[in-house]
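Below, each chain spelled out in residue letters.
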Amino acid sequence: MSLLYPLMALGALALGVPIWLHLRRRDEKNLVEFPTLRFLDDQPVAQARPMWPRNWPLLLLRMLCLLLLVAAFTWPYHENEQTIIIEESRVYILDNTLSHQVGSRFSTAQDKLAEQIDAADIRVQIGVIELGSTARVLARFGDDNSAAAASVRKLSPSAERGDFVDAFRTAAEMLSTSLGAKRRIVLLSDSQTNQWLLDADTPPFLQNIEVEVLKVPDKSVDNLALSAPQARRSTRDGEAWVEVAVTVQSQGTHGPVDIVFRDRGQEVDRVSLQPVSDTAEAEAATTFGTAFAQWKTDSTNWTVAEITLDDNVDDLPGDNRVVFSIPPIREGKVDLIADSFFLRRALSPEVMKGRWNISVADQDDLLDRDEESGPDVLCLESHRLKSAKVRSLVRDALSAGRGVILFVDKITPVISGFLRDMGIEAEASQDEPVQPATFRYVYAEHPVFDPFRTAKYGNLAEVEFKNYRRLKVRDATSLAFSASGDPLMFEANAGPGRLLVFSFAFDRSDTNWPIHPTFIPFLDQALQYVRGKPATWTSFQPAESVVWELPAGVQAEQVVLSALDPATLGVAADAFEPLVVDVNERKATFALPSQVGHVAVRYDLAETLGAILDVNASPLESELRYESPPTVLAGWQRTADNDASETLASDEPTTISLSKMEALQQRNWWYLLTAAMALFMVETIWGLTAKHKQ
Amino acid sequence: MTVPNHQRLMERFDPKVMSLLQSLDLKARYIVEGFLNGLHRSPFHGVSVEFSEYRDYQPGDDLRHLDWQLYARSNRLCIKKYTQETNVRVFAVVDTSASMKYQGSDAWGSKLEVSKTLAVALTSLMLRQNDAVGLLTLEESKDVAEFIRPSQKPSQFGLMINQLQNLSAAGGPRLAELLQHMIRLIHRRSIVLLFSDLQEDTAGITEAFQQLRFMGHECMIFQVLDRDELEFPFTDSAVFHDLEDGTRRLIDPTAARASYLSKFEAFLTEYRDLFQTLEMPHCVVRTDGEPWEALTLFLNERRRLM
Chain A
1 MSLLYPLMAL GALALGVPIW LHLRRRDEKN LVEFPTLRFL DDQPVAQARP
51 MWPRNWPLLL LRMLCLLLLV AAFTWPYHEN EQTIIIEESR VYILDNTLSH
101 QVGSRFSTAQ DKLAEQIDAA DIRVQIGVIE LGSTARVLAR FGDDNSAAAA
151 SVRKLSPSAE RGDFVDAFRT AAEMLSTSLG AKRRIVLLSD SQTNQWLLDA
201 DTPPFLQNIE VEVLKVPDKS VDNLALSAPQ ARRSTRDGEA WVEVAVTVQS
251 QGTHGPVDIV FRDRGQEVDR VSLQPVSDTA EAEAATTFGT AFAQWKTDST
301 NWTVAEITLD DNVDDLPGDN RVVFSIPPIR EGKVDLIADS FFLRRALSPE
351 VMKGRWNISV ADQDDLLDRD EESGPDVLCL ESHRLKSAKV RSLVRDALSA
401 GRGVILFVDK ITPVISGFLR DMGIEAEASQ DEPVQPATFR YVYAEHPVFD
451 PFRTAKYGNL AEVEFKNYRR LKVRDATSLA FSASGDPLMF EANAGPGRLL
501 VFSFAFDRSD TNWPIHPTFI PFLDQALQYV RGKPATWTSF QPAESVVWEL
551 PAGVQAEQVV LSALDPATLG VAADAFEPLV VDVNERKATF ALPSQVGHVA
601 VRYDLAETLG AILDVNASPL ESELRYESPP TVLAGWQRTA DNDASETLAS
651 DEPTTISLSK MEALQQRNWW YLLTAAMALF MVETIWGLTA KHKQ
Chain B
1 MTVPNHQRLM ERFDPKVMSL LQSLDLKARY IVEGFLNGLH RSPFHGVSVE
51 FSEYRDYQPG DDLRHLDWQL YARSNRLCIK KYTQETNVRV FAVVDTSASM
101 KYQGSDAWGS KLEVSKTLAV ALTSLMLRQN DAVGLLTLEE SKDVAEFIRP
151 SQKPSQFGLM INQLQNLSAA GGPRLAELLQ HMIRLIHRRS IVLLFSDLQE
201 DTAGITEAFQ QLRFMGHECM IFQVLDRDEL EFPFTDSAVF HDLEDGTRRL
251 IDPTAARASY LSKFEAFLTE YRDLFQTLEM PHCVVRTDGE PWEALTLFLN
301 ERRRLM
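For the protein sequence lines, the chains are A and B, in the order given.
Everything in the first sequence is counted per my numbering, starting at 1 for the first residue and increasing by one.
Everything in the second sequence is counted per my numbering, starting at 1 for the first residue and increasing by one.
These are computed hints drawn from the structure, not numbers from a lab.
Note that CB positions come from ideal geometry on N, CA and C, so glycine has one too.
Careful: at least some of the hints might be erroneous.
Ranges between beta-carbon positions, derived for each pair [what the hints assert, rightly or not]:
(1) B:GLY246 with A:ASN668: 43 to 53 angstroms
(2) B:THR202 with A:GLU33: 49 to 59 angstroms
(3) A:GLU33 with B:PHE214: 36 to 46 angstroms
(4) B:SER259 with A:LEU10: 52 to 62 angstroms
(5) B:THR202 with A:LEU10: 50 to 60 angstroms
(6) B:GLU231 with A:PRO57: 33 to 43 angstroms
(7) B:GLY246 with A:LEU10: 50 to 60 angstroms
(8) A:ASN668 with B:ASP245: 33 to 43 angstroms
(9) B:PHE214 with A:VAL32: 33 to 43 angstroms
(10) B:LYS142 with A:GLU33: 20 to 30 angstroms
(11) B:ASP245 with A:LEU10: 51 to 61 angstroms
Extracted from the complex, chain B is given alone in its bound form (with noise of 0.2 angstroms):
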C-alpha cells in the first residue's frame, strides 16, 4: 500500500468543480476516481485478496492478471485467480443536527453535504473490494433511525445514495442519540466511519464512544467543519443566530474573535484528546479544502485493521 502523494491529489481537486456537480453520486466519483488516478498503483491491488488458483488464458482476458512467470516456465499462457477476504462490516454514520446545514462562502458545499459526499465515496471504495456497508441516520423529522443493513451487493451503491441524497439538516443535537442507536443496532464488530461536526457537549458523547470502544467497534471519526468555524473570518458586526438553538447574539467579530478562537480550539482539544484516549482515528475535514486526508485516513486504518 501506498500512502497517496497529497500535493497531487491536491492537483487533481477543484472546489469549484465540486460546487457545480449537483448530483451526490458524480460528487463522490469524482473524488474516488481523483483520488484514485492519484495513486501509483492501487490501493487495493494486493489488499486482502489471496491467489487460490490458475485457468487457462482466454483472449480478451486482462493480461494483467497473466502470469508470465509461469509462461517462461511451462511456456502456458494461464490466468492467476484470487479470492478476496470480505470480512469487514463498515457503517457510515452521518450526524445531521441543523448546525451541519451551515455552508461558508469558500466551502464546496455544507458541512451535511461534505459528510454526504465522503460517505458515498467511501462506500464506493469500499464496494470495490466487496466490503459489506451499511448506513445509519436519525432525523429530526423521523421518529426511528433510518439504518440500511450493511451488504456488498453492487446495489448497496444506489440505496447508500438514495438514502443520503434525501438527508437534510434540521434540529437540534443529537449525536448522542444516534450513537446509543448504534450501540443497539450494530452488534458484530464493524468499523464505523462518523460524520459529524461533533458540535455537542463531549459530556453527553463521551460515554457513548467509550460503549462503542467497549464493544470493539473500530471508530472513524471525521469532524467537518466550515473554515468560518476554525478561523472566525467575520469583520462587521452582526447579528448572529444560532442554527440549532435559535439564539441571536449581537457580534462584533473583532473583538470577539479571540475569545472565540480559544474556545474552539479548546472543543477541538477536548474531543482531540478523547479520541486519542480511545483510540480512534480523527481527522478535521474543512468544507472548503479538498478531502483527500479522509480516505487517506480511511485507507491506512483499514489496512492496519486487515
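Just chain A, with the same shape it has in the complex (with noise of 0.2 angstroms):
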C-alpha cells in the first residue's frame, strides 16, 4: 500500500487519535479544584501536567481496537505479495457441438485449454463457457484454475447444437465486469459455417473485446450421416407393418454403404444404398440417398427403433445413428348420449371398430365409469343437459383434461345457463325460424378441418343447415360460419379439456351432413381433436429444453425421465441418471440428454410408459465446411465506426476494485471488526472499573 494513499493518512490518523484521547482523559490523581488558592500563594507552584501515558496497557488496548478497525475497513483495498493486478481477463468457449467431434477435435480442444488454464499467469483472469445447446458458464472469473481446468477435462463430447452468438453474448456479458484491461475471448470450435451463418444479422455487441478463433486444421472431411427418420404405422390386410424412410447426408466420396434397422434391438432390414456413378456430382452433392424400409410389428405394443449406417468409417461417428419410436394403437372410449340416429350409426361398432369404442348411453345412469374406465371423448346432445348428472358429467370430463362434442339441439334455460358457463351465450330469439345456410367462413387453419384442405375426403361447403340454434361467443373461439354471419361451431374454453359446440344437431331436420361424404371423416377428426392426445411431437435434438404437457386423463406430480433400453422398454444401466421433474399445472419443464436416443417417459411411480422421445441430432450439424476466420465476427464487434459515443477502456492495467457487497463479503473483514468490537468492550469494562475503583 502506498504511503500517500487516503486510506493511509485516514489510518494514520487514526492511530493518533486514541493517544490523544488518552491524553486528555487521563484522570489526574490528587488533583484538588478550589477557589480560594489565593490564600495559599506561598505555596510552591506545582509542575505543568505532564502530558504523558500513565496507563500504558490501556492506551495499547485502545490503540489496538482503532488499529483493527483500520485494518477492518482497509482490508478490501490492501495490497500484498498475494494482490493481483489483473492485466487480461481471457474467456474461453469451447464448442461442445457434435460437428467439433470430427477428428477427435474436441478432445483436444479439450486437452488444450485444460493445459492454458492450468499455464495461465496469475494476472490474467479466466473464465470458461462450454458451448451446447446453450451456452454453459464453466469457470467464472475468480473460481480457481485448478478446479477450472478439471471441470473442462470432466466433460464430454456431446451431440448438441448450439448457436455461437449465445456463447459470445454470455462471454461479453463476463467480460463487462471483468478487471482486466485487455479483454479477450478465445475460440476453441471447428468454426462450421452454417454455426456462423446463424446470426449473421446480429447487431454489433463486442466492444472492446479481442476475440481469437483458433485456426481449424486445413483438412477434406469425409463423413456420412443419417437424417431423422420419416416413421408410420399403416394397416394392411389386417396387419400392421412399418414404414420408414430414411436420408443418407454425405460429404466426400464413398463407396456402397449398408444401412440396418432395428426394432427392439433386433436387426430388422438392411438396406444396400450404391452411390453416385458420377465423382464429380457425388463430391457436390448432400443426399447420397434415401433408404426404406417396412416390417410388420404388434400395434398394441411400442415401437421402438433405431437405424444405423453399417460398417461405415467416417469422420463423424456421432451422426451414423438415428432413432424413433411409435406409440402403440389404442381405441379411444367415446360415451355417446344422444339420440341422433346418425350419430349412433357413425359411432357404431361396425363403423369405428378398431378406432373407437362406443359406449351408448340410453340412460344417465349408464355413465358411471370411474375415473380409470372414463371415456376419452363424451359425445352429447344439448336436450340430455337437462339432467344435473350429465351437466355434472360434462363438467367432470372437461375438467380431468377430456374433449366433450355438444350438438346443441335444444335450448331451454337450463341448457342456456350451462352453454354460458361455457362461455356461450344463446340468444333470445330461437323461435325465429333461420335461412338455410352452408359454411361460409371457416376457420381453416383449425386442426379439425385439417383434412377437408384439399377435396380427398369431401367438399364441406356442400354441407347445408336447413335449422340451428342463435348462439354467439361470449369466451369461446367461432371455427364456422353461416352466410349469414352465425355461427355454426365453437371451440370452448372451458377448461383442460378440449369442448367442441356444434349449433346444430346431426339430424336431417337440421342438416344433410350426415348423408354427406365428409361426415364419417369429419366426425372422426372432432373426436380425435378432442380427444386431447399428447402432442404428437415426441422427436428432438440433443439437450433441447422441452416442455411436456400431461396427455389426458393422466394425473401425476412427476414426470421420470430416463434411457431406455429398446429391447425390455426398461431403463437402459449405462445411460444418464433417471430424472424426476415436478409437474405443474399439468406442464412438466426439463431438458434432454445431450446424446442420440430414446428417452423414456414415465409419470410418478409407474413402471408403464407414458412416451418415449427421440433424441435425435440435428443434420446441420453434419454439414462440415467451416470458415475461418468468420466473416460474422467483424460485424459482431463495436468499433468506433458503429459507435463513435462509447468511450474506449483505458490502457493501464486495474487493480481490484471491490464493490461494497463484495468487500461485506470479505471474512477477514469480519474478523477483524469483530475483534475491534470485542476489545472495545474490553476497553469499556476496564474504564467502568478503574473508575469505580477510584
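Join the two chains, each given in its own frame, into one complex according to the hints.
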C-alpha cells in the first residue's frame, strides 16, 4: 500500500486519535479544584500537567482497537504479495457441439484448454464457457484455475447443436464486469459455417474485446450422416406395418453403404445404397440417397427402433445413428349420450371398430364410470343436459382433460345457463326461423378442418343447414359461420379438456351433413381432436428444453425421465441417471440428455411407459464446412465507426476494486471488525472498573 | 414580627433532602415552606398592610378575616379588607465567577446553587407580599448583563426561576463589574440582595459598594462559602488547581492550614469591616448548613426598612 494512499493517511490519523484521547481523558490523581488558592500563594507552584501516558496497557488496548478497525476497513484494498493486478481477462469458449467431434477435435481442444488454464499467469482472469445447445458457464472469473481445468477435463462430447452468438454474448457479459485492461475471447471451435450463419444479422455487441478463433486444421472431411427418419405405422390386410424412410447425407466420396434397421434391438431390415456414379456429382451432392424399409409390428405395443450406418468409418461417427419410436394404437373410448340416429350409426362398432370404442348411454345411470375407465370423449346432445347428472358429467370430463362434443339441438333456460358457463351465449330469438345456410367462413387453420383442405374427403361447402340454434360467442372461439354470419361451430375454453360445440344436431331436420361424404371423416377428426392426445411431437434434439404437457386422463405430480433400453423397454443401465421433474399445472419442463437415443417418460412411479422421446442430432451438424476466420465476427465488433459515442477503456492495468457487497463478503473483514468490537468492550469494562475503584 | 426560632428551623432542614431535590423551584419551596411553618405566626401578617373597608361575609371566606368584635357589637358578619403597601423594589444580584461552582464534600450544593436557591426562596417570599423583584446577573459567556426589571406580577417568579436555572459559573472575578452594572441600571432606591463568595480583592469593589450606598440603596450581602474554604479540612498533599485563574500549587494542607486560615480570616474580617462601615447587613451562608439565617436577616432588615 502506498503511503500516499488516502486510506493510509486516515489510518495514521486514526492511530493518533487514541493517544490524544488517552492523554485528554486521563484521570489525574490528587488534584483538588479550589476557589481560594490565592490564600495559599506561599505554597510552591506545581509543575505543568505532564502529558505522558500513565496507563500504558489501556493506551495500547485503545490503539489496538482502532488499528483493527482501520485494518478491517482497509483490508479489501490492501495490497500484498497475493494482491493481483489483473492485466487480462480472458474467456474461453469451448465448442461442444456434434460437429466438433470430427477427428477428435473436441478432445484435442479440451486438453489444450485445460493445459492453457493450468499454465495461465496469475495476472490473467480466466472464465470458461461450454457451447452446447446453450452457453453454459463452466468457470467464472475468480474461480480457482485448477477447478476450472478439472471441469473442462470432465466434459464429455455431446451431440448438441448450439449458437455461437449465445456463447459470445455470455462471454461479453462476463467481460463487462472483468478487471483486466485487456479483454479477450478465445474460441475453441471447428468454426462450422452454418453455425456462424445462424446469427449473421446480430447487431454489434462486442466492444473493446479481442476475439481469437483458433485455426481449424485445413483438412478435407469425409462424412456420411443419417437424417431424422420419417416413420409411420400402417395397417394392411389386418396386419400392422412400420414404414420408414431415412435420408443419408454425404460429404466426400463414398462406396456402397449398408443401412441397418433395428426394432427393439433386433435387426429387422438392411438396405444397401449405391453411390452416385459420377464422381464430380458425388462430391457436390449432399444427399447420398434415401433408404426405405418396412416390417411387421405389433400395433398394440411400442415400436422402438434405430437406424445405423453399418461398418461405416467416417470422420464423424456421432451422426451415423438415428432413432424413432411409434406409440401403440389404442382405441379411443367414446360415451355417446345422444338420440340422433345418424350419430349412433356413425359411431357404431361396425363403423368405428379399431378406432373408437363406443358406449351408448340410453339412460343417465349407464354413464357411471370410475376415473380410470372414463371415456376419452363425451359426445352428447344438449337436450340431455336437463339432467344435472349429465351436466356434472360434462364438467368433470372437461376438468379431467377429456374431450366433449356437444350438439345443441335444444335451448332451454337450463341449457342456456350451462352454455353461458362454457362461454357461449344463446340468443333470445330462438323461435324465429333461420335461413338455410352452408359453411361460408371457416377457421381453416383449425386442426378439425385439416383433412378437408383438400378434396380427398369431400367438400364441406356442400353441407347445408336447414335449421340451427342462434348462439354467440362470449368466451369461446368460433370455428365456422354461415353466410349470414351466424356461428355454427365453436371451441369453448371451459377447462383443461377440449369442448367442441355445434349449433345444430346431426339430424335431417337440421342438416344434410349425415348423408354427406365428409360426415364420418369429420366426426372422426373431431373426436381425435377433442380426445386431447398428447403432443405428437416426440422428436427432439440433444439437450433440448421441453415443456411436456400431461395427456388427457393422466394425473401425475412428477414426470420421470430415463434412458430407454429398446429391448426390454426398461431403464438402460449405461446411460444418464433418471431425472425426476415436478409437474406444475399439468406441465413439466426439463432438458433432454445431450446424446442420441430414446428417452422414456413415466408418470410418478408407474412402471408403464407414458411416452418415448426420440433424441436425434441436428442434420445441420453433419454439414462439415468451415469458415475460418469467420466474417460474421467482424459484424459483431463494436468499433468507433459504428458506435462513436462509446469511450475506449484505459490501457492501464486495473487493480482489484471491490464493490461494497464484495468487501462485506470478505471473511477477514468481519474477523477484524469483530475483534475490534470485542476489544472495545474490554476497554469499556476496564475503564468502568478503574473508575469505580477510584 | 417574631424572629423564627433557629433551633426549630434547623430541625426542619435536611441537607440530604436538599441535595436530592433537582429543581430550583422545589428547593426554594422546601426552604420557604419550612421556614414559614417554623414560625409561630406569619411574618407577613400585619406587616405592610392597612385596613381599608368592611364587606359582608360570604360563605367560603377566610374566617380569620372575620371581624368578631363587630359581630359581637352589631351581630353582623363582616370581613376586613386590607391594602398592602408595595413600595419596595428588590434586586437579586448573583455572582457567577468560576469560584462559585465549588462544592465541598459536605455541601448540599455548589456555592452558585445555594445562591440561586436562596435567591428564588427570597423572591418567593417577596412576591407573596407584593414586593417587586428583579434580577441582575453577568455571565462570562455573555457580554452584557442579564437584567430582569422588577415586578410584582405572579409571573415574575417563573421568569426569575428560568433565568436563575440557566446560570452557570465560569470565568474570572467580575463582581466589581457586576456592581457597576447595577449602579447604572438601578436608579430608584431599592434593596439589593447580593449573593457572592466575594473572592476578590476588596479594592476593586469597595468603591462600588460605596456608590451604591451613596445612591441610597439598601444592600444585603449574602456571602456564600463552603466549609472547605472556611475550615480547610484537607489532610493529604495534593495539587490544588485554582478555579478562576488556573494556578496549580502543590499543597501540603497540614503545613499550610494555619497560614491559610489566618489569611482567610483576615479576608473575612476585611469585608466584615467594610460592610459594617457602609452599614450593609452581611451574613455568611455555608453550603453545608441551613439557610435560615439568611432568610431571618432579610426579614429583619425588611422590617427595619418598613
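Exercise. Lying within 33 to 43 angstroms: is that true of the beta-carbon distance ASN668 (chain A) to ASP245 (chain B)?
Worked result: With a Cβ separation near 54 angstroms, ASN668 (chain A) and ASP245 (chain B) fall outside 33 to 43 angstroms, so the hint is violated.
Exercise. How does the Cβ-Cβ distance of SER259 (chain B) and LEU10 (chain A) compare with 52 to 62 angstroms: does it lie in that range?
Worked result: holds (55 angstroms)
For this session: Starting from the hint 51 to 61 angstroms, judge whether the C-beta atoms of ASP245 (chain B) and LEU10 (chain A) obey it.
Result: Since the Cβ atoms of ASP245 (chain B) and LEU10 (chain A) sit about 40 angstroms apart, the hinted range of 51 to 61 angstroms is violated.
Exercise. Holds or violated: 20 to 30 angstroms for the Cβ distance of LYS142 (chain B) and GLU33 (chain A)?
Worked result: At 24 angstroms between Cβs, range holds.
Exercise. Do the beta carbons of GLU33 (chain A) and PHE214 (chain B) sit within 36 to 46 angstroms of each other?
Worked result: holds (38 angstroms)
Exercise. Could one say that the CB atoms of PHE214 (chain B) and VAL32 (chain A) fall in the range 33 to 43 angstroms?
Worked result: holds (41 angstroms)
For this session: With 43 to 53 angstroms as the target window, see if GLY246 (chain B) and ASN668 (chain A) comply at their CB atoms.
Result: holds (49 angstroms)
Problem set entry | Cβ separation of GLY246 (chain B) and LEU10 (chain A), checked against the hinted range 50 to 60 angstroms | violated (35 angstroms)
Exercise. Taking the CB of THR202 (chain B) and the CB of GLU33 (chain A), does the distance hold inside 49 to 59 angstroms?
Worked result: Because 24 angstroms falls outside the window, the suggested range is violated.
Exercise. Do GLU231 (chain B) and PRO57 (chain A) keep their Cβ atoms within the hinted range of 33 to 43 angstroms?
Worked result: holds (40 angstroms)
Problem set entry | Range hint compliance [Cβ, THR202 (chain B) to LEU10 (chain A), 50 to 60 angstroms] | holds (57 angstroms)
Hint compliance for this structure: hints 2, 7, 8, 11 are broken, all remaining hints hold.
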